[in-house]
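**Q** These protein sequence lines are chains A and B, in that order.
Using the numbering used here, you'd call the opening residue of the first sequence number 1 and step up by one each time.
Using the numbering used here, you'd call the opening residue of the second sequence number 1 and step up by one each time.
Keep in mind that the hints were calculated from the coordinates and are not lab data.
Every residue gets a Cβ at the ideal spot worked out from N, C-alpha and C, and that includes glycine.
Heads up, a few of these hints could be off.
DEER-style ranges, computed between Cβ atoms [as the list claims (entries may be wrong)]:
| # | chain 1 | residue 1 | chain 2 | residue 2 | range |
| --- | --- | --- | --- | --- | --- |
| 1 | B | Leu68 | A | Pro52 | 51 to 57 Å |
| 2 | B | Phe553 | A | Ala29 | 21 to 27 Å |
| 3 | B | Glu110 | A | Pro52 | 19 to 25 Å |
| 4 | A | Cys14 | B | Arg427 | 37 to 43 Å |
| 5 | A | Pro52 | B | Gly329 | 17 to 23 Å |
| 6 | B | Ala149 | A | Pro52 | 20 to 26 Å |
List time: in silico EDC-like cross-link candidates among lysine to aspartate or glutamate, alpha-carbon distance up to 20 Å [to be verified]:
| # | chain 1 | residue 1 | chain 2 | residue 2 |
| --- | --- | --- | --- | --- |
| 7 | B | Lys201 | A | Glu39 |
| 8 | B | Lys488 | B | Asp446 |
| 9 | B | Lys330 | A | Glu54 |
| 10 | A | Lys36 | B | Asp446 |
| 11 | A | Lys53 | A | Asp19 |
| 12 | B | Lys169 | B | Glu429 |
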Amino acid sequence: MSIKGIDKTLCVNCGQCYDICPNDVFAIAEGKVFVKYPEDCQSCALCLLVCPKEACKIDNMRPTALPARGRI
Amino acid sequence: MDEIKHVITGDVLIIGSGLAGSMAAISCLEYGQKVIVVNKGKMCWSGSTAVCGGNDIAVCFPEDDSALWLKAFVESSDYTADQNWIEIFLKESYTQLLKLEKLGEKHGLEIFPKQNGAFWRINRAINPFRTVLCNLYSALKAFSKELKASNAVLYERIMITKLLEQEGKITGAIGIHYRTGEVYLFQAKAVVLATGCCTYKADLFDVCGEGYTMAYEIGAKMMSFDRGGAIMRPKDVMRGGLLCSSASSSMANALGSKLVNREGVDIKEHMTEEEKKLGRMGQDRAIQREIEQGRGPVYEDFINLPDTVKTVLSQLRCAAVKRVQLEYGKNPFVETIPMEHVEQTITPDQSNRMGGVWIDCTGQTSIEGLFAVGDASCPKISFQHPYNGSDLGWALLSGGRVGKYVAQYCADMTMNSQSDLNDIQVRKEVARYRALLEKKDGVRPDELKEMLIQIMIPYDIRHCNEKAMVQCLDKIHDFIQQDLPRAKAENLHELREALEVYSMAHVAVMIVSSELYRKESRVGVRREDYPFMDNLHWKKWIGFVKHENQMCFFTESIPENLYEIPDEVNTPFVTRL
């Protein structure tokens with residue numbers, strides 16, 4: 001599960017997701033918030049928690065592929 | 001990038017503001033110290049506390065049986081827990097809990113939810129003791145409010161990358177603001193490391209062991225990286241809901257949640273007594289059996305929980321409830337949530353959370369003026385992962401206790417003036433940042449991170465032998481020598497990642513080298529070549545220190561002042577991970 005994007009029809013560009021994200025996944029340019037580094041999302045969902053408009057969208061895929069299990 | 005844009009001076013520099021760092025900051029402020037707090041993310045809202053799976057804390061209440069706690073910590077750690085610190089835990093953990101409770105009250109936040117007017121104690125199936133329910137969300141909010149209202153000077157989004165020391169004494173640290181590119185020099189009489197642990201998870205990126213690497217590089221004594229901090233739990237059932245971590249799973253279960261099969265039957269009815277005691281691992285086995293026997297899928301059932309518990313859970317798990325609602329389109333307190341079934345999947349969960357920077361009973365490390373708390377530090381009260389609540393208990397205790405000793409240390413110290421040596425160290429560090437940013441060809445840090453994860457995760461500490469360890473260590477060394485120097489950062493965001501992967505790679509060496517040093521099986525590390533626990537020869541902690549650029553290992557006897565460790569050889573080893 002990781003961040004997929006921001007629903008621009010809901011987003012009010014308050015920047016709270018940018019403010020709280022531990023991994024700096026979001027960025028702001030010309031007053032608009034956007035997802036700049038989706039691959040760095042660690043699925044903590046703090047952005048979902050602070051977003052006043054439920055504009056942050058997630059999907060249920062892990063951010064990165066899992067390494068194969070096995071012994072060396 | 002400027003050489004140094006900001007020079008900030010204070011009595012104490014605290015690096016990190018999770019539970020341990022915030023407690024340490026508040027504790028130092030109580031003693032009138034001029035405190036600087038620097039956090040890599042948003043103040044109080046990054047690191048492992050903010051995304052912690054379980055939200056109950058190991059605290060010894062006055063009415064508790066101390067002997068039970070002692071036995072639990074000592075035996076669960078295969079005797080490696082520090083008995084001096086356990087003694088402190090038994091005497092002081094409740095005081096720290098009250099301190100935190102009071103902080104919440106001051107800011108109108110209930111940090112410890114009550115049951116019938118008393119602290120809410122939890123009987124997890126896997127714990128022999130009772131933990132106390134804690135609303136970490138409220139705790140972090142309270143820390144944030146308290147620190148902002150205090151005289152502490154707070155800096156967010158700064159990654160500290162180097163500790164400064166002079167003649168064996170700490171003098172400060174250097175860091176970079178990874179949003180502005182400005183370089184910060186912090187000068188302090190004392191530094192408290194609260195930087196958390198180091199993980200190699202595919203889904204937890206910001207806990208990268210910088211504290212370990214920085215402390216090691218200035219010659220601090222490091223301890224117990226051998227003790228099975230790495231947890232790998234292979235499972236075919238991926239959980240997507242509220243119970244997505246083992247800690248939250250057993251906690252919710254203790255509060256009354258259920259796992260039900262397709263027919264609505266609580267799967268506990270089909271679990272063996274042994275499985276019930278295994279917590280999450282036992283549940284995973286039972287879930288798999290339900291599916292194999294055609295009674296799947298299995299659902300998480302929070303519907304019948306009392307309303308108070310629902311409220312507590314929705315806050316405790318921070319964002320989890322919201323996440324479940326968005327992911328499944330369901331309210332987990334109104335409908336059951338199906339658990340996904342993914343074949344041949346593992347939980348990548350390699351982390352070092354047991355070892356750390358060696359500290360004495362005041363939190364002081366082997367470097368004068370450098371203190372460590374929480375997961376950055378070692379010894380710890382418990383070293384057994386499935387006993388939930390002990391990591392948070394350690395963070396609360398060590399963080400809350402350190403202020404007095406930092407104040408005592410600072411009282412006798414004068415501020416070191418900015419020296420030529422510091423200038424050289426700062427220039428070198430800035431040159432390091434610049435080199436990463438200016439490199440034209442190279443490998444992006446997230447690719448490097450992924451390469452390292454691919455080395456670490458398949459390395460299975462539960463079934464390892466010397467050959468596998470040596471191979472893994474060779475791969476890490478190859479990575480450090482051949483791949484890491486190719487790191488390039490196209491921007492400041494990538495610079496942070498490049499600095500993180502540098503740290504993770506060096507901590508990987510600490511973990512595997514320490515495990516290789518121990519010639520027996522103990523605490524989660526099952527050696528195929530040394531299958532037994534050997535108390536006669538290995539009733540010891542393993543530590544190391546940097547000496548002439550080499551990792552030099554040593555052992556130390558484990559104190560037995562409260563609990564005598566039996567001198568048994570060939571003790572059957574049972575992994576609890």
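**Q** All hints, please: hold or fail.
**A** Against the structure, the hints:
{"no.": "1", "hint": "B:Leu68 with A:Pro52: 51 to 57 Å", "in the structure": "46 Å, violated"}
{"no.": "2", "hint": "B:Phe553 with A:Ala29: 21 to 27 Å", "in the structure": "50 Å, violated"}
{"no.": "3", "hint": "B:Glu110 with A:Pro52: 19 to 25 Å", "in the structure": "23 Å, holds"}
{"no.": "4", "hint": "A:Cys14 with B:Arg427: 37 to 43 Å", "in the structure": "40 Å, holds"}
{"no.": "5", "hint": "A:Pro52 with B:Gly329: 17 to 23 Å", "in the structure": "20 Å, holds"}
{"no.": "6", "hint": "B:Ala149 with A:Pro52: 20 to 26 Å", "in the structure": "24 Å, holds"}
{"no.": "7", "hint": "B:Lys201 with A:Glu39", "in the structure": "14 Å, holds"}
{"no.": "8", "hint": "B:Lys488 with B:Asp446", "in the structure": "10 Å, holds"}
{"no.": "9", "hint": "B:Lys330 with A:Glu54", "in the structure": "15 Å, holds"}
{"no.": "10", "hint": "A:Lys36 with B:Asp446", "in the structure": "14 Å, holds"}
{"no.": "11", "hint": "A:Lys53 with A:Asp19", "in the structure": "15 Å, holds"}
{"no.": "12", "hint": "B:Lys169 with B:Glu429", "in the structure": "19 Å, holds"}
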